[in-house]
Amino acid sequence: MKIKHSLKTALGGLHSNKSRSALTILGIVIGITAIMLVLSLGAGAQNLILSQIQGMGSRTVVVIPGRQPSGPSDFANVFLDSLKERDLRSVKQKENVPFAEDVMPIVFGTVRLAYQNETYQSTVLGGGSDEQNDSMSKIFDITPERGSFFTAADVQSKASVVVIGDKIREHLFGDETDPLGKKIRIKDKTFQIIGILGRKGQVSFFNFDDMVLVPYTTAQQYLLGRKYFDRIIVSASSEDKIRVTVEDLKTTLRANHNITDPEKDDFFVETQADLAERLKTITTALTLFLSGVAGISLFVGGVGIMNIMLVSVTERTREIGLRKALGATNRDILTQFLFEAVLLTSLGGLVGITLGSSLSFIISSIISKFALATWHFSFPYLGAGLGLLVSVFVGLVFGLYPARTASRKAPIEALRYE
Amino acid sequence: MSLIEIRNLSKTYLDNGVATEALKGVSLSIDQGEFVAIMGPSGSGKSTLLHILGFLDRESGGEYLFMGEKFSSLPDEKLAEIRNQKLGFVFQSFNLLPHFTVLENVMLPLLYSSVPESKWREKGEKAIDAVKLSHRREYPAVQLSGGEKQRVAIARALVNDPSLIFADEPTGNLDSKSGQAIMEILEKLNKDGHTIILITHETYTAEHAGRIIRLLDGEVESDTKVENRRSAAEGFVK
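For the record, the sequence lines run as chains A and B. Whatever position you read off the first sequence (first residue = 1), add 260 for this note's numbering. Whatever position you read off the second sequence (first residue = 1), add 5 for this note's numbering.
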């Protein structure tokens, strides 16, 4: 019998039992939908993270105080105050780190803001440079929508000036008042608002919408009361100078801290590429894990198919007997039932792919509308192809036993069956 | 040469370890073009005989020659081919695929044959014409009356132009009028040269045949020529 007719026969069989066919594929539909959702949203999350990291500039190198965590249980909370003013000076010297284009220290902490009767808890980020006016814009790739950033002079004089994020503007001032030039209190000190950021969403782990930005000198002295830095951000002059810059930074800081054994470093240097790689590994692992969980539902769906196919074979015993009496061979019957199973699961796979990608499109739209503007829907072509392949495979595997049972029925036993 | 030649044919079933002898050494021969009725009460072995003659089952002992050849020791695939090419079956309960149309049901044996697909429709329509159901060709089988269903089943048995047609209680599920129509068709097929083996437990139906073989307890009780053959046209009374 030709493939075309096997297919037709199988289709006819499924058509005769429409509602049961629909129920049978439910397990496969759910499994494939889940896998599509996980893969699509996983890819979306990965793209988001990668684009954020790239948003901060691929040439960016970050010096972080403390030891690099050696494993998941190692939180490395020692030496958090190891980056000092002296280190900043050394890093800025051309003979120490020749390919450092921009160098900016940052500090951050939680503070309470107040404007008239409104108060708000928020994060303060101290940054800027005492030599250059545009460090903030260059390193973070942000500029105030209105007003401007603090200047090198502001940093030198520890000026009480602040640039506020959009969410803070909304919270403290609403849409009526123009905040530019207004005075707010941050931790009992009065600051003048010199700039307002537009809504940015998350940029490289900093949600600037929910932040106040001040000169780092001001933040250190008046708001956080500390002499050390939380990060020193360095941007290399070009991408192929990143490695050299990392090594130069390490040498310089080790010299400053009298460290000879690299194992005893009280700081670590991270490049954006490292970070991207690490996060990619995490999201991939998470996606794989969740796909595995969804895969279990596919297995359960497959067992369901086998179960119902077995019932179907019993119910259609007379049909099998008749076909055999009319000249169908065991192989013809095997092919017919196997085709039915594969058709069922492939149909389930297609429905699942459609449902899964539609759902993840809807979820992505909701996320980008209400939470993260930078989230994008991505259609998981790999997942779709794989999903279809897996559903065909499930049909073959779980359809084989019922199909064999059908094909081995003796024609008279089958004809006699009531 | 006989179409069918059996010598000392026996069949023993094993049911949960208990052996039941359904046929105990049956010998008979049937010629090409004959219309034979096999009769007997239930349990007499007539269905078993039909299954063996129709290559749906294998004998336990004795010999079965079909067209002078011994086929029954061949593999299943070969027997399926013989059933498909040489034999036609008509069952008491019609055994149509309910959601398929009349034409599709009739063409079903062609699906398993080597007949090229381009000829299927023509052959199917010819067989449907032979049972006078052309007006029902595209109807789903489920919508037909019992008599019409049995006519479809006969058309299906005819479609591969077999040498031998088995009819297992073909009128058993029908009213007398429909039964008469079926017997008329079988008579006509016999006149056209098809060999027909009819299984029935009704003497009246059996008397349409030219010869009646009576079975009892797995043995041939009598094998007689029908002197006054009935014709379906005379009227069919159950």
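Mixed in with the good hints there might be a few duds.
Calculated pairs, DSBU-like style, for lysine-lysine (alpha carbon to alpha carbon, straight line, at most 35 Å) [to be verified]:
| # | chain 1 | residue 1 | chain 2 | residue 2 |
| --- | --- | --- | --- | --- |
| 1 | A | K278 | A | K398 |
| 2 | B | K29 | A | K268 |
| 3 | A | K427 | A | K447 |
| 4 | A | K264 | B | K91 |
| 5 | B | K230 | A | K669 |
| 6 | B | K124 | A | K669 |
| 7 | B | K83 | A | K442 |
| 8 | A | K540 | A | K510 |
| 9 | B | K75 | A | K354 |
| 10 | A | K278 | B | K75 |
| 11 | B | K128 | A | K264 |
| 12 | A | K669 | A | K629 |
| 13 | A | K278 | B | K29 |
| 14 | B | K131 | B | K75 |
If you are wondering where the hints come from, they were derived from the structure by calculation, not from laboratory data.
Hint by hint, here is what the structure shows:
1. For the proposed pair K278 (chain A) and K398 (chain A), the alpha carbon gap of about 63 Å is over 35 Å, so the pair is violated.
2. Taking the CA atoms of K29 (chain B) and K268 (chain A), the gap is about 44 Å. The hint is violated against a cut of 35 Å.
3. A hinted pair counts as satisfied when its Cα atoms are at most 35 Å apart, and K427 (chain A) with K447 (chain A) qualifies at roughly 19 Å.
4. Taken as a hint, the K264 (chain A) and K91 (chain B) pair is honoured in the structure, with Cα atoms around 25 Å apart against an allowance of 35 Å.
5. For the proposed pair K230 (chain B) and K669 (chain A), the alpha carbon gap of about 38 Å is over 35 Å, so the pair is violated.
6. Restraint check for K124 (chain B) and K669 (chain A): satisfied, since their Cα atoms lie roughly 31 Å apart, inside the 35 Å limit.
7. As the CA atoms of K83 (chain B) and K442 (chain A) are separated by approximately 98 Å, the hinted pair breaks the 35 Å bound.
8. Straight-line distance between C-alpha atoms of K540 (chain A) and K510 (chain A) comes to about 25 Å, which keeps the hinted pair within the 35 Å bound.
9. Simply put, K75 (chain B) and K354 (chain A) have alpha-carbon atoms about 102 Å apart, too far for the 35 Å limit, and the pair is violated.
10. Proposed proximity of K278 (chain A) and K75 (chain B) is contradicted: the alpha carbons are some 45 Å apart, above 35 Å.
11. The suggested pairing of K128 (chain B) with K264 (chain A) holds, with an alpha-carbon distance near 20 Å, which does not exceed 35 Å.
12. Straight-line distance between C-alpha atoms of K669 (chain A) and K629 (chain A) comes to about 59 Å, which puts the hinted pair past the 35 Å bound.
13. A distance of roughly 48 Å separates the Cα atoms of K278 (chain A) and K29 (chain B); the hinted pair therefore is violated under the 35 Å criterion.
14. Between K131 (chain B) and K75 (chain B) the CA atoms are separated by roughly 32 Å; this keeps the pair inside 35 Å, and the hint holds.
When held up to the earlier numbered hints, the structure conflicts with 1, 2, 5, 7, 9, 10, 12 and 13 and fits the remainder.
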